[in-house]
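**Student:** As you go down the protein sequences, you meet chains A and B in turn.
Note that the first sequence ends on residue 1251 in our numbering; no numbers are left out.
Note that the second sequence ends on residue 671 in our numbering; no numbers are left out.
Among the hints, a few may not be true.
To be verified - Quick list of simulated restraints, FRET-style, between CB atoms:
1) Gly303(B) with Thr1215(A): 58 to 66 Å
2) Ala1235(A) with Cys268(B): 44 to 52 Å
3) Ser97(B) with Val1172(A): 36 to 44 Å
4) Ser1177(A) with Asn410(B): 49 to 57 Å
Just so you know, the hints here were simulated from the structure itself, not pulled from any lab data.
All values derive from a computational prediction rather than experimental measurement.
Ideal placement from N, C-alpha and C gives every residue a C-beta, glycine not left out.
Here are the chains, one letter per residue:
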Amino acid sequence: MKKYIYCIVAAVSAFFLAGCNKDNPASVDRGIVGEWHLTSWNGTDPAGDFDVYVSFGADGAFDLYQRVETSVYVRYSGSFSAENGTVSGTYSDGEPWSAGYAYEIGADGNTLTLTSGDDVSIYTRTPVPEDVKTASGASVKSASGGMKRFL
Amino acid sequence: MKYRNIFLTTVSVLLASCTAEQLHEQPSPEELRPELQKICNTSYSSEQGTLLVKFSDEAVAHIEETVSGSAATKSVATRSGISGVDEVFADINVTSFGRLFPYDAKFEKNRRSAGLHRWYVLHFDESQDLDEAARMLAPMAEVSTIQFNKERTKTFSGEAFPLGGAAPAQTRAMVRSDFNDPELMWQWHYINNADQAISQTSLAGADINVAEAWKITGGDPRVIVAVVDEGVKYTHPDLADNMWTNPNPSEAYGYQDIHGWNFAENCPVSWDKTETVNGVTDGDSGHGTHVAGTVAAVNNNGIGVAGVAGGTGAGDGIRIMSCQIFSGTQNATDRSVGQAIVYAAEHGAAIIQCSYGNVGGTPITSDRDYEAFSPAEMEAIKYFLDPESNQSEAVEGGIAIFSAGNESNPYSNYPGGYRDCISVTSVGPDGLPAYYTCYGDGCNITAPGGETTGHAGGERAGVLSTLVSEISGDDYGYMQGTSMACPHVSGVAALGLSYALQKGKKLTREEFISMLLTSVNEIDSRFEGTKTTGAVLNLEDYVGKMGTGLVDAYQLLMQIEGTPCLKIPVGSLELVTLTQYFGGSAEDLTYTGVEIPADDMEKLGMPAEPQMYNGQLMIRCNNPGVAHIKVSAVAGGKRPGSDTIMGGIEVTKEFAVIARGAGASNGGWL
C-alpha cells in the first residue's frame, strides 16, 4: 500500500514539477509547425535583396534565419505561441517580437500569411537549407579595444 | 601691383630653375616648335642609346613589311623602310629596330586594337646625344610620338634587415590564428596585438584584419598576382608552392618564361645580381621577393612567415607571377614596365602589384600630364585594365595597385595617382601615418608599410616577409615603405577575388574596386598632435589624406558575401551612417550623388529625394516597402580624379532600403 502511495506522490510531483518548467510547450496550432520561407512581403518578392526562413517547432520553440541587414545569415531563436489565429513570441534574449501577427494557413497547408497592420508577409512551406543553417551558425569574433572595427 | 607680380613671377622662375633637374626640364623656344611636341617626355634619367617611337597607322604597314623581311633572313632590323626615317636612322647609327610589344599570334588582335603594335624600340650608339636623336626624328610625318626610355624607382628605403634569431619578446601577445608559421608572431601588420616588443605605441587592431578572413578563405590558385618588381626568388622555400607556372611557355621567350620573365634584361627571372664598385654594393635587394611574400608566402607550412593570400596549407594559395623590371643594376624603364604589364594582362594576372614609381624630375600632378609623359606605360596599363585584353579568370578587367611613394609629398606618385589605379599609403604599427609616406591627392587607401626607425622594437616595426638569402644571408627579414604597404592591399584584393570565385561570382573591376576601397577601418580620428619616428609629423596634416582608411580583409569578404539591406522605420526622417557600404570612414567621405528610381520613391511615399547630409543618408519613407538606391562617393580625397585634376576614385554602392514599421529592436524580422 505504502508503495502505491509513494508512486502516486511521485507521479503527482512529477506532473507539477514539469508544469514549473518554462520550456513547457506553449499553445501551438499544429498547422503552423514546420519550416517556412518568406516569399512575399507587402507584395514584393524579397529574393535578391533579403531572405528570411523561420522554423516553428511543436514544442513552442522557433528558429529564425535571416539575411536582412547583414551579408550573412543570422540566426535568432526563442519561444512562441500560436492560437486563436494569433502568433506571438519572444526572442531568447528576452526581446519580444515587434508585434503579434494574425496568421492564416492556406487550404493546402503550404502557405502561411502573417499580418500586422499593413505589414503582410507570405511564407511558403520549405525546408531551411543546410547551408543557411551552417552559415548562420558561424560566429565572428571582433577585436576588442584598439582600432575601431565596424564588423 | 603689376610690377610686384612681375617681380614675384621672375623670382619664382629663377628659384624654380635652381635645381639641375628642373633646369633640364624647361623647354627652350626651339623645343616649342610644333613637331617637337611629339617628344612627350624629357631625357632626364633616361636610358642612353634608346628611344621608344610610336608610328602612324599608315606608316606601320610599311614598317612591318620591312621588319618581317629582316626576320625572314634572321637578321636584326635596323631600318624602317621609310626613306626619311631611315636617313635619320643612318645618321644616329641605329643598331636594332623592332616592336616594343613583339608579334604574338595569340594576342595580336588585342594588341592591334589597343594600338600597341605601333610602338617600336630603336637602339643606337650610346654616345649619340639622346635629345638630338629625338629632335632629328620629330619632323618625320610618319612619327606620332617619341618617348625617352625613363627609369623607375623602387618605393622603399633601400634597406633590408634580416630576421636573424629574434629573441622571444616578454610582452608578446598571443597570435589569433591557427596557422603554424613560426614567424607569424612578428607579423604585427597582419595581427596587431599592441605588442610592446614591436613598439610602445603599437595599437591593437592596427593591421589588415586578415586572421578573421583566413577562417573563410586563404586564397585560390585561379587568382594570379603579377609582381612587377625585382625578380621573385621562385625557389624560396616559403614561396615556391605559390608560384605561378606558365602552362604554355612561349617561343618568344625561348620557352623559359616558366614563372614569369625578366623584362629588364630580356632573360629568365633572376633575383641575386649585385655589383660592388668602390666598396659600394648595388643591384638586387630582395625587394620583389619581399613584396611577393607579403602577397602570398605559403601559409600553414610550418616554416617562416605567412602571406596575406598564401592559402591554408592545402595548396590553395593564390599564384605569384614574377614580371621582373629591375635586374641587378639595371633599373626599370618605360620599355620594361610596359612589356611586363602587357605580359601580365595576357597571361591571366588579375592584379598587378607595383611597388615602383617615377623617379625625380618635375612632379606630375594630373592624369593628362602622365598620359602625355609616359604613353607607352599608360597604354600598357590600360591594356591590362581592359576586360577585352585582360585574360584573368578572376575579374572582368584588371586591378592595378601601386605604392604612393616615400617622399612625404602631399600627393601620390604616378602611376599610382592615375584615377584608374589604386595608390596605397603607409601606416606604422601605431596606426598612424608612416614618417615617409606620400599622402593627399591621388591616394586611395592605406595599409601597414612599417617603420624600421623610431620604435622600441627597431626594425621589428617594419614589415616582415621573405628575403633573398644570397643577398641578405637570411630567408626572412624586415623592410619599410609604401612598397611594403602596397602588397598588403594586393594580397587583400587577391583574397577577395579568391572568395568571389569560390562563391561563383565574377565581378567587374569597377564593382570590385568599389568593394575594396570601402573595406576599411577609420584612422583619421587619431590624427592629433605630432608623431616622432623617422621624422616629426604634424598629424593634422594627414586628416582625410591617407585614402579611405586602413584596409580590412574580413570586411572585403563580407562585401563579397552579399550586400546587406538598410532597414529604416516608416514615417520619420532618418539620418543613417552608411558604414556597412562605405566602411569605417563612411561619415568622413565626400559623397557625389544619390540616385533612386522615381517609382521606388512613389512606392515608399518619399516626400523628397534622399540625400547625403554631413556624411549621413537623410531619408524619409512614409510607406513600407523596398527601394533600390545608388550612392556614390570619392575614395581618397574630396574630389574625383579627372584628366586635369588629381583626385580619388569614384565608387558607387547600390543597396536595398527596406522601410518597415514592424521588426524587433534586436534586428529580428518578426
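**Student:** Each hint: holds or not?
**Tutor:** How the hints compare with the structure:
A C-beta distance of roughly 60 Å is found between Gly303(B) and Thr1215(A), which places it inside the suggested range of 58 to 66 Å. Take Ala1235(A) and Cys268(B): their Cβ atoms lie about 50 Å apart, and the range 44 to 52 Å holds. Checked against the hint of 36 to 44 Å, the C-beta distance between Ser97(B) and Val1172(A) comes to roughly 58 Å, which is inconsistent with it. The given range of 49 to 57 Å is respected by Ser1177(A) and Asn410(B), whose C-beta atoms sit roughly 55 Å from each other.
Violated hint: 3 only; the structure is consistent with all others.
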